[in-house]
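J.: Chains A, B and C supply the protein sequences, listed in that same order.
Number 19 in this note's numbering belongs to position 19 of the first sequence; there are no gaps in the numbering.
Number 106 in this note's numbering belongs to position 106 of the second sequence; there are no gaps in the numbering.
Number 138 in this note's numbering belongs to position 138 of the third sequence; there are no gaps in the numbering.
Simulated from the structure, these hints should not be mistaken for lab results.
Incorrect hints may appear among the rest.
Here are the computed lysine-lysine pairs in the DSS-like style, where the Cα-Cα straight-line distance is at most 25 Å [said to hold, decoys possible]:
no., chain 1, residue 1, chain 2, residue 2
1, B, 47, B, 17
2, C, 389, C, 235
3, A, 160, A, 63
4, A, 266, B, 47
5, C, 166, C, 311
6, B, 17, A, 63
7, B, 17, B, 85
8, B, 85, A, 160
9, A, 137, B, 89
10, A, 116, B, 89
11, A, 20, B, 85
12, B, 109, A, 116
13, A, 116, B, 85
14, A, 274, A, 218
15, B, 47, A, 309
16, A, 28, A, 160
17, A, 211, A, 160
18, A, 266, B, 17
Short, incomplete list of chain A residues facing chain C, as computed with Cβ under 8 Å [said to hold, decoys possible]:
no., residue
19, 195
20, 252
21, 254
22, 261
23, 283
A virtual CB, placed ideally from N, CA and C, is assigned to each residue, including glycine.
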Amino acid sequence: MTPEEQKAFEDRIYAYVGVKVCERTAAKDAVNPAMIRHWAEAMGDTNPAYTDETWAANSRRGKTIAPPAMMYAWNQEGFTVTRGRASDPQTDMVELFNEYGFTGVLGTNVTQEYFKEVSPGDTLYLEMEIDSISERKATARGIGYFFETLATFSDQNGEKVGTQRFRVLKFIPQEQPTAATGDDKLEVPTRIPSPRGHDNGWWWQAVDEGKLLIQRCKRCQVLRHPPRPMCGECQSLEWDSIESGMEGEVISYTCLRHPAIPGYPKDPVCAVIKLAEGTNLVANIVGCDYDDVFIGMKLKGRIEQVDEKTTLPQFYPA
Amino acid sequence: MSEYTTLNYADVHVGDKLPELAIDITTGLIVGGAMATRDYEPVHHDKSAAQATGLPDVFMNILTSQGLMSRFVTDWSGPEAVIRKLDLKLGAPNLPGMVMTISGEVTDKDDSSGQVSIAVVGENNIWGMHMQGTVTIALPQEA
Amino acid sequence: MVANIRDKAAIVGVANTAFSKDSGVSELSLAVQAIKGACDDAGIHPREIDGFATFTLDTNDEIEVARALGCGDLTFWGRSHYGGGAATGSLHQAVMAVATGMAECVAVFRALNGRSGHRYSQGVSGELLTADAIHWGWYTPYGLLTPASWTAMITQRWMHRTGVTKEAMFEVARCTREYAVSNPNAFFHGQPLDRDTYFNARMIADPLQLFDCCQESDGGSAIIVTTPQRARDLKQPVVTVKGVAQASAQGQEQMTSFYRDEISDVSEHRIAAGDCYEMSGLRPSDIDAAVIYDAFTPNVLLQLEAWDFCKFGEAGDFVLDGNLRPDGRLPTNTHGGQLSEAYIHGVNGLVEATRLVRGQSVNQPGKQVDHALVTSGVGIPTGGAILGKLD
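So that you can see chain A by itself, here it is in the shape it has in the complex (with noise of 0.2 Å):
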């Protein structure tokens, strides 16, 4: 972009800048339990103060309120952006960027302040506007502009609930010469998988199919686990297998809490399990929670897929 270029870019895109986005307008649904409870149950969030009517009719505010946090998702559109949203200003500045190179985009900053508290039956009104367009800044992302909206909600009275403003950096992406262990990076962690050989391998075939399988001697029918080449008992290298009915008993476990891995459930909670074929075998008990576990306790196992690349016995109380 030439310094002439550059100027008359910026010309365009600071006259965005007071640009109403939008005039005051009403959210589609008024405040209600029903979204506050959807809001609560996805946040995991049991405060009273938004779903408890009866404690909430005997608290400081007489009432429930809706979640402070879910300010903004009242007025969101909805459904009919998955087919993509309708032009407004933002979106016509936000094509004026991409035309000019400045294709990426990365939310910075949000910072919402609230006035007042709204309960079931308020409606919300949200009005928004262009606030400010930084001048051209040199960032870690590339070349860019920061802009900020600033969206201003009201009640049904007209009175001001609160303001969101929100700090979007649009840059020009930079050559990534380091594009490989970028996307190195940017893999989704599994849980660490066995290699398999050639004593081992046959058997994560079978948990990939579903099965659980125990080695057996073929001359002494001894059956062993984890497999290995040749039978203990009688030194044959001749066997076969077994499939597991995978009910088991807990001979000792854990939870590895500390470190977090990467891939991992947080917590995950290890056994040695008998089974009841009489061979042990380790595996992950779930359904149940840690302190509900006992050694002794019978379980009952399945073949799971537990996340993209791993499928693994997993053990519930029987």
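Place chains B and C on chain A using the hints.
T.: Just chains B and C now, with coordinates in the frame of chain A:
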């Protein structure tokens, strides 16, 4: 009054640490959080749309991050606390399979308004800082 | 009938480097510093060393160590497998070499940047040798990934069978810390451990909390082993090896012997104990002080039973009666152990056991130590040794 208690302004001191909250980031939480905040941007529920932006899977929307941050604070403060401000700097995205640990510490008290500032950070175990900022609440000042 | 090497080899020099969380030097540097220190302690020149014994996990090649130290010709080098299991295993190698005349002066060493370099607490990753990887593959997919988690599995079972509680583990942790408080080379020098700190510490792998786990340390430790004849002419009071054993029990795996009829018996330690007592002609009541391998607090409890200081199920009472303390029946881990001095895979324990017999421990018990026990890791092929004065 009930099993829910709320901290009194006088009970809180600068330097107090909030109990850590570790949150399993699952596809369910990401999609459920997006729906609950009426955010139907495809990148929050459609993996292929997310992948088109260069990320490997759907990622958490900002309103869910705000929700989790507000929950983290009111879990500690109790329900009579009034949230005044959520001021967040946004960092690395939260994706399924990660664990985000939120921690916080009281950094300031304003006696005249009864407001308490809490520095909060949510870090995921893969990419580090997801959100960082300050939550301001007002606490009851009388007994 | 066990082979008898009683009094056929002596430990004449011992040394530790400084222990830290970031040595700032190579593992080779730590190794040669430790060995040079042990030579100085013995009053010999490194040129007199003609053999080495260490761990397969140690990254320092014997010939590199020899060149760096300025040694001459070597006629013996031997390694023992597995982390903490190899401490007395390395001594075992050295004693056999000296007793048979294959070498005259063997340096046993272990040097690692265990905190600033590879950290064992981070668990086993994909970057492993194939043989090992297949083994770990039975555990990694489930999240059973760290030494603490494997030890926890054995411990939970043992607690269930014996009814021993965490009070006993606290006593082990508290007591080793008490020793470390007065050991200037210990990481926890000057820092006692109180009950609240112990019980409120973060859970690592149930039932093991932070202070049930050893540290991760940078450092090196070494001892010099030679013939008793030679030892008489050197600087220090002569400490001989009365018995030394290696043992791997049936159904042994590395930390994960989960397929035995009973998974919490530490059978390998029972074998090592039987051999050591038989070789030395000694009994548990003859042992005056001990260095008992303590990567985790329950390690000590299970070994007290396996080495017959108390009956099965009585280790809790044994430690709660104060037996491990400075004035107790069996002062144990008087350097602070690996819980509180440093984690050098038990070779700092060989140094301390030698010092106990010499009368040079920084926390020397008030009684004469004629015989000291030193043991290796728990849950792996392991061993132990009994050291004593030359008759």
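J.: Decide, hint by hint, whether the structure agrees.
T.: Against the structure, the hints:
1. B:47 - B:17: Outside the cut-off at roughly 37 Å; violated.
2. C:389 - C:235: holds, 15 Å
3. A:160 - A:63: holds, 20 Å
4. A:266 - B:47: Roughly 23 Å separates the two Cα atoms, so the pair holds.
5. C:166 - C:311: With Cα atoms ~19 Å apart, residue 166 of chain C and residue 311 of chain C stay inside 25 Å; holds.
6. B:17 - A:63: Between residue 17 of chain B and residue 63 of chain A the Cα gap is close to 30 Å, so the pair fails against 25 Å, i.e. violated.
7. B:17 - B:85: This hinted pair holds, its Cα atoms lying about 19 Å apart.
8. B:85 - A:160: holds, 14 Å
9. A:137 - B:89: Within the cut-off at roughly 18 Å; holds.
10. A:116 - B:89: holds, 23 Å
11. A:20 - B:85: Within the cut-off at roughly 24 Å; holds.
12. B:109 - A:116: holds, 21 Å
13. A:116 - B:85: The hint holds at about 11 Å.
14. A:274 - A:218: holds, 22 Å
15. B:47 - A:309: Given pair residue 47 of chain B, residue 309 of chain A holds - Cα atoms ~16 Å apart, limit 25 Å.
16. A:28 - A:160: holds, 18 Å
17. A:211 - A:160: violated, 62 Å
18. A:266 - B:17: holds, 22 Å
19. 195: holds, 5 Å
20. 252: holds, 4 Å
21. 254: holds, 4 Å
22. 261: holds, 6 Å
23. 283: Cβ of residue 283 of chain A sits 6 Å from chain C, so the hint holds.
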